[in-house]
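Participant: Single-letter residue listing:
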Amino acid sequence: MALGQSGEIVYVPLSRGDMGYPPQLTKIIDLFAALPEEEKRENLIAYSEQAKKHEPRPGETFSLEDIRKDEECTDTVGVYLTVDESGHVHFRITLGEKVQTLTKAMTSILCRGLDGCTIEEVLEMPSDFVPQIVGGQLVRIRSQTVYYVLTRMKSACRVYRDRLRAAA
Amino acid sequence: MSETAYAHPEVLVSTDWLAAHLDEPGQRIVESNEDVLLYDTGHIPGAVHIDWRADLQDALVRDYIDPAAFAEVCAKNGITRDTTCIFYGDKSNWWACYALWAFRLFGHTKVKILNGGRDKWVKEGRALTKEKPKPARAEYPVPAERKDAEIRAFFDDTLAHSKARKPMIDVRSPEEFSGDKTHMPEYPQEGVLRGGHIPGAKSVPWKKAVNDDGTFKERKELEAIYSEGCNLQPGDDIIAYCRIGERSSHTWFVLTYLLGYSNVRNYDGSWTEWGNRVRAPIER
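Sequence order for the protein chains is A and B.
Going by the working numbering, the first residue of the first sequence is number 1, and it counts up by one from there.
Going by the working numbering, the first residue of the second sequence is number 1, and it counts up by one from there.
Incorrect hints may have been included.
Only pairs whose alpha carbons sit at most 27 angstroms apart, straight line, appear in this in silico DSS-like list of lysine-lysine [claimed, not checked]:
1) A:LYS98 - B:LYS132
2) B:LYS208 - A:LYS98
3) A:LYS69 - B:LYS132
4) B:LYS208 - A:LYS52
5) B:LYS220 - A:LYS98
6) B:LYS217 - A:LYS98
Residues on chain A that point at chain B, a partial pick, calculated with CB under 10 angstroms [what the hints assert, rightly or not]:
7) ARG41
8) GLU42
9) LYS104
10) LEU138
11) ALA168
Think of the hints as simulated: they come from the structure by calculation, not from any bench.
For each residue, glycine too, the CB sits at the ideal point set by N, CA and C.
From just these sequences and the hints, can you work out the full model?
Facilitator: Have a look at this one:
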């Protein structure tokens, strides 16, 4: 973030080299950062409509499943983590029907953007890219749930890492 | 008992009625939601979107827009002084009632609520569209004033009200009222320093006024909750509050239009102001 000429807060596009976001997520961030507000909304809607595609598929098994309804979200969210043989993570997520549209959109973006990361990469990733994707007008006190899915994904990674450490 | 038993039955329209009158001349359907992108995912054909924060609140002062800005919101949405605005939205019409209340602040009295709101419309499988209407710009004269004194209470009003032990309704959840929680369930934001309620307030969670499908309860049931349960008398000076004024707009609507109380104000500063305010007394 930086201050604009009239003192307003502007979001400066991040450099992937500086911030180290995963390549897939960086592409999405760069796309949204370049879009005017109205097109951001249209793209967020498009991503939200893809959320169901990131649900678990029949027969899939997971390294860790975390399904719960807690205070930070309006409905149940299930996070299903797979860590493949090379240590890369893959997420599936289920969302209750009362979950807000922005949360659905962030689910699609993060399932795509974090696919193939390592556990540590997910855990260390800052969340300051979110306003660039969502846009200043849509980040509200009551819309902090845009951060919720990322928090849950990190939580799943942390539990998985701790289990590994405990088993070692 | 039918809807006509309400004090002002004309302020409610049913989903059946609206579906048959989407293109009624002289009306504008207005969606107002908590979910900031919900309108964009699909809305009632012809509905415009009025956002509680971007359109109705001042960007720099915790206050509502001024009369000139309100006239502009109406003009660009094709609303004239004579247009009947039918509000609906998510969350059992919290924000629809909030927008309606804000319109009333500017003296726009031709207002209605879609009973059951967006959820009922969607569950009934009724038409939704992503096509945004492009209403012709309307002429809306700038209101002479924002009529805060009539239906809005400020901190000082509410403090005096509390000291005088006049009727006051806290529409938040029982856990917020008791101070066990400092946030509404599922909304841990909008922090406050202290939990509890305004001295003298009675706890009547907003949800008591609605059925499972989001429609308003019958008048007899509402009277049992408010008139008998809170001992509200005709002509009473009543204040309702919640955390930021949206749930209490819902209760304000019930008391004003469905039960006919003529002197109800919404304290929109609500608990996010009172619970943080230096030297504001609270009870637990």
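Participant: Each hint should be assessed against the structure and marked as holding or not.
Facilitator: Hints, verified against the model:
| no. | hint | in the structure |
| --- | --- | --- |
| 1 | A:LYS98 - B:LYS132 | 24 angstroms, holds |
| 2 | B:LYS208 - A:LYS98 | 20 angstroms, holds |
| 3 | A:LYS69 - B:LYS132 | 34 angstroms, violated |
| 4 | B:LYS208 - A:LYS52 | 34 angstroms, violated |
| 5 | B:LYS220 - A:LYS98 | 31 angstroms, violated |
| 6 | B:LYS217 - A:LYS98 | 23 angstroms, holds |
| 7 | ARG41 | 6 angstroms, holds |
| 8 | GLU42 | 7 angstroms, holds |
| 9 | LYS104 | 9 angstroms, holds |
| 10 | LEU138 | 5 angstroms, holds |
| 11 | ALA168 | 35 angstroms, violated |
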